[in-house]
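Chains as they are written, first to last, in our numbering: chain F, 2 to 639; chain B, 5 to 364.
Quick caveat, the hints were computed from the structure, so don't treat them as lab data.
Watch out, some of these pointers could steer you wrong.
With a straight-line cut-off of 30 Å between C-alpha atoms, the simulated DSSO-like cross-links for lysine-lysine are [as the list claims (entries may be wrong)]:
no.	chain 1	residue 1	chain 2	residue 2
1	F	K532	B	K79
2	B	K74	F	K532
3	F	K532	F	K604
4	F	K537	F	K419
5	F	K416	B	K318
6	F	K580	F	K416
7	F	K55	B	K318
8	F	K488	F	K613
9	F	K419	B	K361
10	F	K419	F	K488
11	B	K74	F	K416
12	B	K361	B	K318
13	F	K537	B	K79
14	F	K419	B	K318
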Amino acid sequence: MSSNAQKTGFGATIWDYITTVDHKKIAILYLISGGFFFLVGGVEAMLIRIQLMKAGNDFLSAGTYNEVLTMHGTTMIFLAAMPILFAFMNSIAPLQIGARDVAFPFLNSLGFWLFFFGGVFLNLSWFLGGAPDAGWTNYASLALASEGHGIDFYSLGLTISGFGSLIAGINFLVTIINMRAPGMTYMRMPLFTWTTFVASALILLAFPPLTVGIFFMIFDRLFGANFFDVTMGGNTIIWEHFFWIFGHPEVYILILPAFGIFSEIFAIFSRKRLFGYTALVFATILIGFYGFMVWAHHMFTTGLGPTANAVFALATMIIAVPTGIKIFNWLLTIWGGSISFTVPMIYAVAFIPSFTAGGVTGVMQAIAPLDYQLHDSYFIVAHFHYVIVGGVVLAILAGTHLYWPKMFGTMLSEKLGKWTFWFFFIGFHLTFFIQHFLGLMGMPRRVYTFGADQGWDLFNAISTVGAFFMAVGVIILLVNVVMTTIKNERVGNDPWGDGRTLEWAIPSPPPFYNFAQTPLVRGLDPYWIEKMEGNKEGMIYAEPLGDIHMPNNSFIPFVMSLGMFVASFGALYHLDGDKAWALPVLIIGLGITFGSMLVRSWKDDLGFIVTKEELIADQERIQREAQAREGGKNGGLK
Amino acid sequence: MMKGPKKWRLFALMTALLVVLSGCGREEISTLIPAGKVAQDQFNLLILSSVVMLFVIIVVSIIYVLAIVKFRRSKVGEDMIPEQVEGSARLEFIWTAIPIVLLLILAVPTVYSTFDLADVTAMDAQTEEGIAESLTVNVTGKLYWWEFEYPEQGIITAQELVVPTGERVYFNLISADIKHSFWIPSIGGKLDVNPENVNTFYLEFDRESAELDNGVFYGKCAELCGPSHALMDFKVKSLNREDFDQWVAGMQEEQEAPTEAVAQEGQALFEQSCIACHATSGVGATPGVGPNLATFGDRNTVAGFMEHNEENLKNWIADPQQYKPGNLMPNAASLNNGEPFSDQELDALAAYLMGLKVEE
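Please build the complete structure, drawing on both the sequences and the hints.
Here's what the structure looks like:
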């Protein structure tokens, strides 16, 4: 049991996490780094709201403001929301299907480190001459005209972290297709696994267009190509298409796992099977499918002509149907249930009206002629924050509370959690509801200042107050995390008491091999079925206790990603012309990456075996710990 | 859609009601106080979709509130195990069908209006004498200002669009550099100003801007175009047809030379330092490097967003970068043989520029 050997010390722990291929530890890495970037993006949001607090404010200069707004959007989407959702996917989806790890543990680690180094690279732009300033959409004419290296940090950083996302998506797809426990048919998969599956398919199909678009951008800026240079026969509208063919599915990559988390929560805390499970699954697939048909609704004012606008308007409206199906099925899930208002459930309950509000404004914007007024105004800012914050971020906060015990073995404080919720929820509506009206009153988005003669002072001031409420909520959450970690009160398998799916049948956190014996799945909500039939052992098993084959830790993914990181600096500075060190750095960086690929290819790494005796010993240890806990205070919710 | 006079009146009433309820913003810029046919159509769609969406929200809210009130664990009992219902095909059908019907209600006016607002076929219509029947304005977006060319009239102006009320005005939009977006919220929705192609649409101006508090409608750039995107404003004067014709005639005349000594001094200085980029005659001029200043004295703002007074004008000329970061106007010293303009020179320039008028 080499990787399970009890090492102590801070350095050893760090080394363990850098080299780990365990999906649960990689999940923690995703959560910590995604959480860190979430705080960075949050600080940027606060800077934006402070600047817009009053007319003619000079807290930020015009150029700095554009950098802050660009980095806020880019960070929140690519470096905060996606990684935190990846944390839950990594941690929970393999457990939900009864797998011992993901299909490609090595790739899982590689995906994380690529994301991490890409994100660090992008954020280093702040200290190396200025951040990107063309908006997270990076429209080509503005991006090409942008001075300094900001846009190059954007394109290289997103290329690297984009590889990471693509790898993660492929890994989840293969895992869910191949590694389900006996009896776990597709139509018995928990909804969170389903949404992970569909979101991964979207990643697989949506990231290549972004990569192509960014490659063109890199070639234009670094090598003097003319894909987007109008004066040389290029075309900037092509960038808009590439970006939104990626960008619209990207929204669903974020919201579908959020839907999955809420689906789990509604079922658990209503003690009721998901109403219309089949409809929910097909609605998920339909949303994913339609997600690729509607990108041009981001371009209604580009001048595509009435035929294209009408077609994309109708296609966009159709998406409201499966989304509505989901909302009503969730409502009917809690209808007739026994609702326990824990923190995750409060978030889920708050999500329904918030997301509905964001959804209906989405339909309003699908009306192309009306969108001519709403597009690029504060109305759209309000809309997408209603779906992203009211949907994705509420899901992330709910998921953090729900899965904290499964990831860390302790429960976040319910009391502090409720404080966080109220501050965040009230702040969220205070900040964004009023922005609908700012947009209707003629305020364009992405403006660093506004005149006192425009009539927007009061509403902007209110919006800023709301942002401070949200900030207080997040700070309380941080306090909660620190206090919970210090207290370190361990909990049992099913701390919420009403767990329904496989992850709640095993210890919190699970042993590194997850399931000592692969469980046999007899229906939807397998753990609930066993509970209702009075199975004291937890599950019934599909195999006898035996040796388990596990992968070895590896340092190679870290080195491989580091090589890309180093090479990016070389590429970025090479075109300055006056930096002789740039080309060697580019070559050394790529050398590190390709060298570690060669090592990986030539060196056989067959993993290791956990023997039956070791397993029995470990299981006994887990039982002893559980008994000790029961003897003391009963962990968990009740 | 909703062409009937009754419905029109109903919506006008609702508009008035909403104004009373306030929170509608300023009439110079709010989409909620439409002052033209296009904005009115879009406002009607806003109201229609808001009503439909309000219906959805009410239905969801009722089920939602009932559910979380009736089925709290404290109410149904701690140990109650609910029936594990699988679903209901009938309910699934209902909440699939009803949204589809609601969307159809929205889809018909959407498609109609999409084509209606894009219909510029009448743009090139000519009278028998070969004169264009309707006014066309060529708009060019530049960092960070707007140029308005009236090709039929042979005149050019900048920063303040002047249009006649009560008729369709057609716009050809193109950018000279970065992508912009042309938006007059209270008159109609925006259309992007792309660097690679001309976008065309029409607007109608139903109100004379003189009735407004500030005497002009506010126009905006709605697409991020660089540091001073927020300051890329323009103003719109809508005049009745008679006044408009008079304005055009004024533009077509030669500018009178200034009579005051200080303004004459300013003119001499202007012709030495500024005229390479800024034309002071609106006639037939080819597009300029900098904004055409023929109507400068008539305008409501300096640089599109500052109050129109000599103080602001002098500050602007002395250091444009301080007020509109990233704009392309050279700094004062490079225009004036390496020396910043003296106070006296600035006074002269301001006096000259403020005297450039075509209106009464």
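For each hint, the structure was consulted:
| no. | hint | verdict |
| --- | --- | --- |
| 1 | K532/F - K79/B | holds (24 Å) |
| 2 | K74/B - K532/F | holds (26 Å) |
| 3 | K532/F - K604/F | violated (46 Å) |
| 4 | K537/F - K419/F | violated (33 Å) |
| 5 | K416/F - K318/B | violated (60 Å) |
| 6 | K580/F - K416/F | violated (56 Å) |
| 7 | K55/F - K318/B | holds (26 Å) |
| 8 | K488/F - K613/F | violated (34 Å) |
| 9 | K419/F - K361/B | violated (64 Å) |
| 10 | K419/F - K488/F | holds (19 Å) |
| 11 | K74/B - K416/F | holds (24 Å) |
| 12 | K361/B - K318/B | holds (18 Å) |
| 13 | K537/F - K79/B | holds (29 Å) |
| 14 | K419/F - K318/B | violated (57 Å) |
Of the hints listed earlier, those the structure fails to meet are numbers 3, 4, 5, 6, 8, 9, 14, in rising order.
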